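Chain X: place on chain S using the hints.
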Amino acid sequence: MRRALLTCRGLLVLALAVAGCGNSFDPASFVDKLRLLAVEAEPPEIPFGATSMLAATATNPGGSTPTVTWDACLLPPPPGTGETVNQDCVSLPEGDPMLIAFGSGDRVTATMPMLDLTQVGLPDQTNGVYLPVRLKLEADGNTLTAFYSLRIYVGFLLPGTPPANQNPTLTDIVTVPAEDAGASEETPLDPTTPAPVHANDEIDLRALLTGDSQETYQVYDGNPATTMPRSVTETVKVSWFATAGHFTNDVTGVDKPDTALVLDKHLPASGSTIDLWAVARDERGGSDVIHRTLLFQ
Amino acid sequence: MRFALASLVVVSLLAPATGRAQTRPSETAPASAAPAPPPPGKLDKPPRLLRFVEAEPPAALAERREVSVILTIDVDETGKVVKVDTAQSGGQEFDDAAIQAARQFVFAPGEAGGKPVPVRITYDYKFLYKPPPPPPPAKADEPPPIPTVPVDGRVLRAGDREPLGGLSVIVDDGALSTITNGAGRFRLDVPVGAHTLHVAGAEIARSDFKVTLTAGKALSTTWYVLGKEPYRSTVRGARPVVEAVETTLSGDELRRIPGTQGDTLKAVQNLPGVARSPFGGGLLIVWGSAPQDTRTYVDGVYIPTLYHFGGLRSTVNSEIVNDLSFLPGGYGVDHGRGLGGVIEVSTRNPRTDGYHGFVQIDLIDGSLMVEGPLTKNLSFEVGARRSWIDVFLPIFTTNDFQLSPVYYDYQAKLHWRASPRDEVDTFIFGSDDAVHVVAKGASDPTLDAAFGSHTYYHRILSRWLHRFASRATLTVTPSIGYDVPFEFNAQLGNTLLSADAETFEYNLRAAYRLPLGSHVRFDAGLDLEGNRWKLSINGPQRAMPREGDTGGGFGGAFAFDELDLDQITLAPYVALNITPFKGLLIVPQLRVDLYDFRGYQSSPDAFNHFYAMLEPRLSARYQINKWAAVKLAAGAYHQPPDPISFMRTFGNPAIRPQYGWHYVAGADFEPTSTLHVEIEGFYKDLQNLVVRGLGPGDPPLTNEGQGRVYGGEILVRQELWKGFFGWVSYTLSRSERKDHPDDPWRTFQYDQTHILTIIGSYKFGRGYQIGIRFRYVTGNPYTPIAGSYYDVNADQYVAINGPLYSARLGSFNQLDVRFDKKWTFHRWSLSMYADIQNVYRAENPEGYAHNFDFTQQSAVAGLPFLPVLGIRGDF
Chain S
213 MRRALLTCRG LLVLALAVAG CGNSFDPASF VDKLRLLAVE AEPPEIPFGA TSMLAATATN
273 PGGSTPTVTW DACLLPPPPG TGETVNQDCV SLPEGDPMLI AFGSGDRVTA TMPMLDLTQV
333 GLPDQTNGVY LPVRLKLEAD GNTLTAFYSL RIYVGFLLPG TPPANQNPTL TDIVTVPAED
393 AGASEETPLD PTTPAPVHAN DEIDLRALLT GDSQETYQVY DGNPATTMPR SVTETVKVSW
453 FATAGHFTND VTGVDKPDTA LVLDKHLPAS GSTIDLWAVA RDERGGSDVI HRTLLFQ
Chain X
4 MRFALASLVV VSLLAPATGR AQTRPSETAP ASAAPAPPPP GKLDKPPRLL RFVEAEPPAA
64 LAERREVSVI LTIDVDETGK VVKVDTAQSG GQEFDDAAIQ AARQFVFAPG EAGGKPVPVR
124 ITYDYKFLYK PPPPPPPAKA DEPPPIPTVP VDGRVLRAGD REPLGGLSVI VDDGALSTIT
184 NGAGRFRLDV PVGAHTLHVA GAEIARSDFK VTLTAGKALS TTWYVLGKEP YRSTVRGARP
244 VVEAVETTLS GDELRRIPGT QGDTLKAVQN LPGVARSPFG GGLLIVWGSA PQDTRTYVDG
304 VYIPTLYHFG GLRSTVNSEI VNDLSFLPGG YGVDHGRGLG GVIEVSTRNP RTDGYHGFVQ
364 IDLIDGSLMV EGPLTKNLSF EVGARRSWID VFLPIFTTND FQLSPVYYDY QAKLHWRASP
424 RDEVDTFIFG SDDAVHVVAK GASDPTLDAA FGSHTYYHRI LSRWLHRFAS RATLTVTPSI
484 GYDVPFEFNA QLGNTLLSAD AETFEYNLRA AYRLPLGSHV RFDAGLDLEG NRWKLSINGP
544 QRAMPREGDT GGGFGGAFAF DELDLDQITL APYVALNITP FKGLLIVPQL RVDLYDFRGY
604 QSSPDAFNHF YAMLEPRLSA RYQINKWAAV KLAAGAYHQP PDPISFMRTF GNPAIRPQYG
664 WHYVAGADFE PTSTLHVEIE GFYKDLQNLV VRGLGPGDPP LTNEGQGRVY GGEILVRQEL
724 WKGFFGWVSY TLSRSERKDH PDDPWRTFQY DQTHILTIIG SYKFGRGYQI GIRFRYVTGN
784 PYTPIAGSYY DVNADQYVAI NGPLYSARLG SFNQLDVRFD KKWTFHRWSL SMYADIQNVY
844 RAENPEGYAH NFDFTQQSAV AGLPFLPVLG IRGDF
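Chains as they are written, first to last, in the working numbering: chain S, 213 to 509; chain X, 4 to 878.
In isolation and in its complexed conformation, chain S is listed as follows:
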């Protein structure tokens, strides 16, 4: 019998990856080149024929503003791999019949095409199926390809006709005197007046979410025809990005909302600004972004 699943060694490797061990590369939270940080879809889950406004949060520190081209890719994922995106979508040229053009710019309106559900592959662990939307970002001769999976509403096929997913909502980024400080000690970062910071500062930060950001939904742990659904509460995680320093926690959650930006490396010139983003994502394609700046002195 083939030992097809993870052996002890495979578990060890994965566990080490989870624990963040083993390398000296700059983390993804440090932004110093063309990057796409988030795509917000409003609404984030739509039925066939409906429209959603898609907005890209892209950045290119020290360079020109990137151009963004949007296309939906209709190539189905390879069978048996469990992938949600067919990698051939990366290289399809504009105008390919397997692409549906949604336009250019940092915001576009996308209309969900009529699809045979077998084209989009098996559902993920949240019982969701998705339309892959390709983004091509170009700036200063550099190209970045990204895929955003726009969730297709098929709730009418499920027992109880569950509601469509909604985006989480970030209300603010605040500073706190220390980790686990109370709400009364939070100080919002002024979006219009960058807060002054200095080399080796350690700025404790927290992202605030509205109380209804974590929705509940049903999952089936097995055969939907014979298994009772399980109600789960969304896991909303916040990814942090900055153009200087490093974060003590690159990703925070509702239960562990705090991180600290430590300005010990990648420091800009005095008088420059440091960009700071917090991106909230749920498990079903919903997201929200907040951007602030700091003044480095």
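What the hints contain is simulated information worked out from the structure, not anything from laboratory work.
Listed next, with one range per pair, are the computed distances between beta-carbon atoms: (1) X:612 with S:439: 24 to 34 Å; (2) S:318 with X:699: 32 to 42 Å; (3) S:305 with X:743: 17 to 27 Å; (4) X:597 with S:305: 47 to 57 Å; (5) S:423 with X:567: 42 to 52 Å; (6) S:275 with X:398: 42 to 52 Å; (7) X:604 with S:439: 18 to 28 Å; (8) S:439 with X:548: 17 to 27 Å; (9) X:699 with S:306: 16 to 26 Å; (10) X:571 with S:313: 53 to 63 Å; (11) X:604 with S:306: 45 to 55 Å.
Which stretches of chain S does chain X cover? Using the computed rule of at least three CB atoms under 8 Å from a CB of chain X, they are: (12) 237 to 243; (13) 248 to 256; (14) 282 to 291; (15) 327 to 337; (16) 351 to 365; (17) 424 to 434; (18) 443 to 451.
Keep in mind it's a predicted model, so treat the numbers as computed, not measured.
Glycine included, C-beta positions come from ideal geometry on N, C-alpha and C.
The following block gives chain X in isolation, referenced to the frame of chain S:
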């Protein structure tokens, strides 16, 4: 009742002055009683027996009356016996007694050209039952004899208390002497008074014992003597069919190979044709085949896994292993269902000369074993082992990361001499691996994870060996078992994953051998394996990796499936061992593999597939001269799909068996009786391989894959000789795959062009031994990353792969060293060892780690310097 022995020496082949050669006993037709005349100008004088040692006849002789054991005896140029093997068995206990005695023979050496030369002879050791002689008549006018006292003694080897036969027991200046029998016993009538008894023999340091004898008081005593070079030979029953490529290693040699921590079965990883497993794991990659294509058997019964946790320890305790045979390909019809190789582990019978055992402790686990006789014809051995990594590993873990692996295994065997012609073994054994991992994603709360994995198997087998009067034999081995190849549960954030597989297994193996005259032997057999599988998987499809997959992990499309699969594979086979003339052996063979698969019964997806496949095979061997032989083998092989492949969501219920052809050609050389050189070339053509579906409309798995493997290997092996043993093995090979008809050929995932292994071990007296192992291996192939794209929903970059396995890691080289020290006392012995891996801390790359967007990479090295210390007591 007294027994008497007669023996007949038959010189069957004579050696040239510079070397020796003879067809191996297992490869010839039944030994002929007619001696072959010596070639002219070769041997002038055959060896002449100077000292014959009487064997202790087994009790069964009284019933059997006459038993013949044909031995091959290697006599060196000094007349000393250096090796004894069984050419034709007369029964295990008779074989053991004859070998024990023959090892003590002393010869005048053979001569060629006027000089002493080493010679191999065939010796027919006959046990004949004789009634006891009448007592001698009294002589009235003789003077009264000097009073004597009977001295009954037994001589055992210090440390393991093994009885030593064939030793000389000499009273004082030699007026009286005798030889110990196979049980180490002797009897002398010694005059009263003070005497010194000297015990001497080739295997021991000479020992003197002072005794004072009083009239009327018999003396019964047990003496312990220090052995010079304890060596237990390997005695194997003749195989039902002849193998073109087979390496058999004895337990004593295998236990002291550096880098294996005394684990006999890990020695397989050092044989030619076996690729190095990544991270030192236990994947058996044989002649370019996938690990799951090689099958492992214990006493003829298939086991699903040979090593704990992918290579840490073998699942069968080395102490119960008599020997191990490795068949990399082109093997005979008594095995099938695999496109790779075969590993046959044969367990030994319990010792009957008293109660023995051992306790061993090292940094990884502890084990113990006890064995001995229950009655005259019934003996037992029981052993168990348990790891304790989980005890001290928490010292190195944190609240955010906990790893707790545990394994154990057990073996219990009963050996029953039911009658002079029947032996019955009952063997219960099993293995269990469990690991729990808790990892808290310090940087990502959704990656808080808990994993649990549990794999185990249990077997009960019974083996009956019957010897007919016509020299035919019948072996029947029924067995049942219960396997859980995996039982996996994980939680990642809100996601629950599970994968479970279990099977009830039933097997029957029967083999019949019938000599038909002196030139032909007929073999027939039956190989039945049945399984009732229960499979259940709830998780992402990417969690079921296959060769040729790249990347993947937890995420993406989720799937669920359950399958109850009934699988029966039945294979009758026949073989003819034909010796048309001396030196040539041809073995045409035929195996018929019948597969029946049934699944999803009582559902619309029910399937029932039956396959009947012919597997013709042929092997041949020609002994060119005394020390060289050529060989070839070719044949068809099939392999059933693994059970998960039949799942409709993860595989394809219509998946078919894979098949292939093996072609092997080579030569064997024996420059001396203990030095062997084997050279082989091989080619494997693989078809119908199970691969991923290609595009829309394809099922997840199809049979479109093809494979080809070609290469050559050489093994130079020195058996234990004057304290040294070792080998050098080198393999040059290429393994390729084509996933779909229009795809180009690509490198196989585990292809390794060059594999060089050098092993040497030397015992330099006073219980000290040192061994080294050096390996050089071509780096493993890997798939380079051509780019990446950003998955916005997952907030991670996904690698875009270049051509599959088109790049190669740096080469691997490593030196391991092992030190052993043994203290021998009368009734027990104590051993300590240090097994140090990667002595010069080579940083061998095992893969690459990448930054978040795959624009940077750094090499990941394998295990660093690793010392393992152990201590063991034997009694």
